[in-house]
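Chemist: Here's the letter readout for the chains.
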Amino acid sequence: MANETIRLTQTVKGAGCAAKLAPGVLDKALCGLDLPVDPNLLVGLERADDAGVYRVSDDLALVQTLDFFPPMVDDPYSFGQIAAANALSDIYAMGGVPKTAMNIVAFPAKTMDISILRTIIEGGLDKIREAGVVLVGGHTVEDSELKYGLSVTGYIHPDRILTKKNLQSGDILILTKPVGTGVIATAIKAGLADQVVTDKVTLAMTTLNRDAALVMENFPVHACTDITGFGFLGHLAEMVVGSGQGVRISAADVPLYPEALEWAAMGLIPAGAYNNRNFRGALVDFGANVSQRVQDLLFDPQTSGGLLIAVAAAEAERLVIALKAKGIDAAAIVGEVISEPFERIIVE
Amino acid sequence: MIDELDCRGLGCPAPVLQVRNILIKEAPDSITVLVDNEAAVQNVSRFLEHQNFQVTTEIEGTAFRVIGRREDGVGTSGSISSAPVVKESRGVKKIMVLITSIHMGHGDDGLGDMLMFNFIKTLKEMGPDLWRVAFVNSGVSFTVEGSEAVPILKELAGEGVQILACGACLVYLHLMDKLQVGEVSNMLDIVTSMQLADTVVTI
Numbered sequence: 005m006a007n008e009t010i011r012l013t014q015t016v017k018g019a020g021c022a023a024k025l026a027p028g029v030l031d032k033a034l035c036g037l038d039l040p041v042d043p044n045l046l047v048g049l050e051r052a053d054d055a056g057v058y059r060v061s062d063d064l065a066l067v068q069t070l071d072f073f074p075p076m077v078d079d080p081y082s083f084g085q086i087a088a089a090n091a092l093s094d095i096y097a098m099g100g101v102p103k104t105a106m107n108i109v110a111f112p113a114k115t116m117d118i119s120i121l122r123t124i125i126e127g128g129l130d131k132i133r134e135a136g137v138v139l140v141g142g143h144t145v146e147d148s149e150l151k152y153g154l155s156v157t158g159y160i161h162p163d164r165i166l167t168k169k170n171l172q173s174g175d176i177l178i179l180t181k182p183v184g185t186g187v188i189a190t191a192i193k194a195g196l197a198d199q200v201v202t203d204k205v206t207l208a209m210t211t212l213n214r215d216a217a218l219v220m221e222n223f224p225v226h227a228c229t230d231i232t233g234f235g236f237l238g239h240l241a242e243m244v245v246g247s248g249q250g251v252r253i254s255a256a257d258v259p260l261y262p263e264a265l266e267w268a269a270m271g272l273i274p275a276g277a278y279n280n281r282n283f284r285g286a287l288v289d290f291g292a293n294v295s296q297r298v299q300d301l302l303f304d305p306q307t308s309g310g311l312l313i314a315v316a317a318a319e320a321e322r323l324v325i326a327l328k329a330k331g332i333d334a335a336a337i338v339g340e341v342i343s344e345p346f347e348r349i350i351v352e
Numbered sequence: 235m236i237d238e239l240d241c242r243g244l245g246c247p248a249p250v251l252q253v254r255n256i257l258i259k260e261a262p263d264s265i266t267v268l269v270d271n272e273a274a275v276q277n278v279s280r281f282l283e284h285q286n287f288q289v290t291t292e293i294e295g296t297a298f299r300v301i302g303r304r305e306d307g308v309g310t311s312g313s314i315s316s317a318p319v320v321k322e323s324r325g326v327k328k329i330m331v332l333i334t335s336i337h338m339g340h341g342d343d344g345l346g347d348m349l350m351f352n353f354i355k356t357l358k359e360m361g362p363d364l365w366r367v368a369f370v371n372s373g374v375s376f377t378v379e380g381s382e383a384v385p386i387l388k389e390l391a392g393e394g395v396q397i398l399a400c401g402a403c404l405v406y407l408h409l410m411d412k413l414q415v416g417e418v419s420n421m422l423d424i425v426t427s428m429q430l431a432d433t434v435v436t437i
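Residue numbers (our numbering), protein chains in the order written: chain W, 5 to 352; chain H, 235 to 437.
Heads up, a few of these hints could be off.
Claimed, not checked - To give an idea of the chain W side of the interface with chain H (calculated C-beta under 10 Å), a few residues:
1) T190
2) A191
3) V200
4) V201
5) G248
6) R252
7) E266
8) A269
9) A275
10) G276
11) Y278
12) E344
13) P345
14) E347
To be verified - Take a look, some chain W residues computed to stay more than 10 Å from chain H by CB distance:
15) F72
16) D215
17) G271
No wet-lab data here; the hints were simulated from the structure.
By construction, the Cβ of each residue, glycine as well, lies at the ideal position given by its N, Cα and C atoms.
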């Protein structure tokens, strides 16, 4: 009998497709809830930032996050690596240092061999180790569909928290990874992506944002977030809303996977991209020269995407050079913060 | 006649794949697809437009009917709604370049090599009209480790040009693990590309 390998993406409904609850829907569930109040909660739910921050003392705060999802690639080890890198990323985006992690697992034990779970967790451990983090435990439930991720806790100095909400007029925006993983995951699920593309995008998704975070520590960074399920423009919108600033994005400068451009034109676009557009599209003005497929990619939900960094203009070029010197080849200036128009995103 | 395809209840990317299969197998002049969610409407519309169909959408209860007709095909009956026609205007031609050898033309191979390299280097002058570059037979060697053409092709790929390398050729020449740029392709992709391109240039 042929040695059959399970294609993980075929076992789940939404991979890149529909994994994240639509942003507008989530807002409905959360708005108006009576949340406990504590002066030491420096960044909480109402701020909707990458991770929560709780002050322990004047020079120490805990930064906490949690992320898990169904597989977006077929290889279990890679899936483990990607899910872990994605979960750790929120800590880096806040300027924190991850310290401990716990596994979150939903596993279809009736239909899937348990060795697959072992391989996924090994992949996750690989990234946890690389990040200098210890695994302290976890929780596994039986479910009809496979899901894996981490809850991560880190340290951060209470005065050096990098939130999304501090854009300043004139800041330059820098993105550290190419965009298009959601479309490529859809092509993988469709069986249209070859090994070369799969390997390329897997490498990017398994790459920790740690090096980018270490580099930006030495620069006058005003705000930062990581690009994940809401897509480039969805996460940018979170930075813009409430900031009092607008942004101008140069679409041609946003690093994109060329394969994703072709597949986007073919309609291999995850439902999440349309959700993101429906939720945030009203904030965005696209220039006439920005093609439909580029617009779609800018809303494409990303897995373990790059950091989007707002830095003082005078240091922007130097930051890009420093990122590239660290091997972050895709790092590019993608736009600027402008005071007018108020809290809108212009894409040209 | 309109082929009607029921894709209700299917998550992405299944509707697009089903439509694609029908286009490959039957090459119809028109197709009607029933779907039940907005993302599928958009994806099927984008796919059909990409394949040079004119697309209209009708709402039917909780379902959507996406109707595509070949732009160069003969129109069908008058039952199509007056919903707005969505069309992405590229404003550019789609030129496909098929490179079948490491030499350009017949004669001295040294000269042929030089000409071909120069040709690849100059391709970017086609600007946005350049759509796909496909490499077959010994031509695939331009896409693999050690070729001076690799950085040039990567630059083209970065501009959105699709680079296709014939998979059978890479296997035959034992170059598969050395591929540096472009995607591994097959004869169906290449034939479909020729059909979709406005101009095919074979060297």
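Chemist: Give a verdict on every hint.
Modeler: Structure-based check of all given hints:
1. Hint status for T190(W): holds, given a least beta-carbon distance of 5 Å to chain H, under 10 Å.
2. Given hint, A191(W) at the interface with chain H, holds; its Cβ is 8 Å from that chain's nearest Cβ, closer than 10 Å.
3. Interface restraint check for V200(W): the shortest CB-CB distance to chain H comes to about 6 Å, inside 10 Å, so the restraint holds.
4. Restraint check, V201(W) versus chain H: the minimum CB separation of about 6 Å is within 10 Å; hint holds.
5. Given hint, G248(W) at the interface with chain H, is violated; its Cβ is 33 Å from that chain's nearest Cβ, farther than 10 Å.
6. Taking 10 Å as the C-beta cut-off, the interface hint given for R252(W) is violated, the closest approach to chain H being about 22 Å.
7. With 10 Å as the threshold, the beta carbon of E266(W) comes within range of chain H, its nearest partner Cβ sitting at about 5 Å, so the hint holds.
8. Taken as an interface hint, A269(W) checks out: its beta carbon lies about 5 Å from the nearest beta carbon of chain H, inside 10 Å.
9. For A275(W), the suggested interface contact is upheld, since its CB lies about 4 Å from the closest CB of chain H, less than 10 Å.
10. A least Cβ separation of about 8 Å between G276(W) and chain H falls short of the 10 Å threshold, and the interface hint therefore holds.
11. Contact between Y278(W) and chain H, as hinted, is supported at the beta carbon level, the nearest pair being about 5 Å apart and thus within 10 Å.
12. A hinted interface residue such as E344(W) counts as satisfied when its beta carbon comes closer than 10 Å to some beta carbon of chain H; here the least separation is about 30 Å, so the hint is violated.
13. With its C-beta approaching chain H no nearer than about 27 Å, P345(W) sits outside the 10 Å limit, and its interface hint is violated.
14. With its C-beta approaching chain H no nearer than about 27 Å, E347(W) sits outside the 10 Å limit, and its interface hint is violated.
15. Interface exclusion of F72(W) from chain H stands, the closest Cβ pair being 20 Å apart, more than 10 Å.
16. For D215(W), the requirement that its beta carbon stay farther than 10 Å from each beta carbon of chain H is met, with the minimum near 23 Å.
17. Its beta-carbon lying about 3 Å from the closest one in chain H, G271(W) breaks the requirement of being farther than 10 Å from that chain.
Checked against the numbered hints listed earlier, the structure breaks hints 5, 6, 12, 13, 14, 17; every other hint is satisfied.
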